[in-house]
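**Q** Build out the structure end to end from the sequences listed, making use of the hints.
There are 2 protein chains.
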Amino acid sequence: MSAIELVSSVKSFEGEQRIYKHASAVLGCEMHFSIYLPAASLAGQDCPLMYWLSGLTCTEKNFIEKSGFQRYASEHGLIVVGPDTSPRGEGVADDEGYDLGQGAGFYVNATEGEWAKHFKMYDYVVKELPGVINGNFGVNGHVGICGHSMGGHGALTIALKNPGMFKSVSAMSPIVAPTQVPWGEKALGAYLGDDREAWEAHDAVCLVKGAEERLHLLIDQGTADDFLEEQLRPELLTAACEAAGHSYELRLREGYDHGYYYVASFIGEHIAYHAGVLGGG
Amino acid sequence: MSAIELVSSVKSFEGEQRIYKHASAVLGCEMHFSIYLPAASLAGQDCPLMYWLSGLTCTEKNFIEKSGFQRYASEHGLIVVGPDTSPRGEGVADDEGYDLGQGAGFYVNATEGEWAKHFKMYDYVVKELPGVINGNFGVNGHVGICGHSMGGHGALTIALKNPGMFKSVSAMSPIVAPTQVPWGEKALGAYLGDDREAWEAHDAVCLVKGAEERLHLLIDQGTADDFLEEQLRPELLTAACEAAGHSYELRLREGYDHGYYYVASFIGEHIAYHAGVLGGG
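Residue numbers (our numbering), protein chains in the order written: chain A, 1 to 281; chain B, 1 to 281.
All the given hints hold, so there is nothing to weed out.
Taking lysine-lysine pairs in the DSS-like style, the calculated list, with each CA pair at most 30 Å apart, reads:
| hint | chain 1 | residue 1 | chain 2 | residue 2 |
| --- | --- | --- | --- | --- |
| 1 | A | Lys66 | B | Lys61 |
| 2 | A | Lys66 | B | Lys21 |
| 3 | B | Lys167 | B | Lys21 |
| 4 | B | Lys21 | A | Lys61 |
| 5 | B | Lys61 | A | Lys61 |
| 6 | B | Lys66 | A | Lys21 |
| 7 | A | Lys161 | A | Lys127 |
| 8 | A | Lys21 | A | Lys167 |
The set of hints was computed from the structure by calculation and includes no laboratory data.
**A** Okay, structure coming up:
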């Protein structure tokens, strides 16, 4: 395993909000990730862990600076890890659009053209990063995953594709059907090519149909979200869950939009949900 | 009174986080301010009000994006208003340093050179902005003031210089003695000139000595703050309070630094303190 290097560590709600960097073999570049260690973890206790996956344009910093999640992670003794949203750096392919390339990895393994060399965010989040975290921090094996927008898509699809890996999953304003919406069609087309069957392996609505595991899906959505009707379409996921008999809950938030004021308003509920399933630190 | 124009409004913890702009007659430029309106205010109830003054380099956005204060303002039914830290724009004087000029108004009325035309942040915060707020929003007359770093200096000096205007004051990692530290010497020298007596009218340690009103001073300070020994020196204020018989409390926070993770960790205590003095919304 490659070494990790501390970039910053700041005390926050009795714990520490840290950023580390490491050389990612999977992505072929240097990657940053954030980790919040509650006081119990700093005192040597093994704690439950929640991965947070961010949305388009984000780095590992947006969630830790803007959501205020640390208060809740501190209360519940939860470690929270947040990777960057794509490979980065010179020599890594990019696109002028905010919704493709750096900042927009979509949590898949690219197979096409210039993207195939570095854009393996699925393997990074599912394989490499957990190895790094488990090898360097005191985690107790109880793991949840949560995300926002593109990261909500990542959380749902990664949980559905890896039965047993997560005990809890939730998503805030997720892209639930990337095979049917513009953001998804653009990114999956670029990263995975023209074969739409390959896309379906990264579409929560498709995955629910054949899910091996009935892990409960907690979905959160603001009703004033500008992306709701064109890009997010949670009704496609709830319909798929109903048809497949898959357990879910949709929490609609009247008047809330897509941004971090929305995330900040409800991240406490999500962390309480994950902590309730995972057990305290 | 000049009209205010809504720049943005986003739902946050059942209230709304808004930014407005207006033409400031005092500053001679367009100014932005933030205002959080809790649900009770949106429902038409007059609410107590807390002004928040930010530190060096900040605009009206840093506090509203990074502190997570909205949760607490929502709980306590408190309106929170945050001005920018200086006049802005083309034609407004500036300096290459982060600690002078735009982003560094220091809450004084400049008398010197190029600064005298626009840098009247004291009059803006004490006179013009309260007029704008009282004329446009449902406030109940119970007002507090709080700030961070340069804004902590602003909160303390403005409260000390205006007996009866505020019922509560608190400061997080404030500059308490600008006449004795590099940040203050640079800014006060530039804005107010060589006469150090003029500086003393904007120095909390000096003002405590002759304070007409014994308004309790709540001071908050992280012990791992990189600016503690050279720029902040809270012991000068506590000594001045002891000598003058002025009521104060210093809350030291072991291991916390100067940044927004520190502010986020303790802003809840400050808002609870102000709300307790001011009464609920």
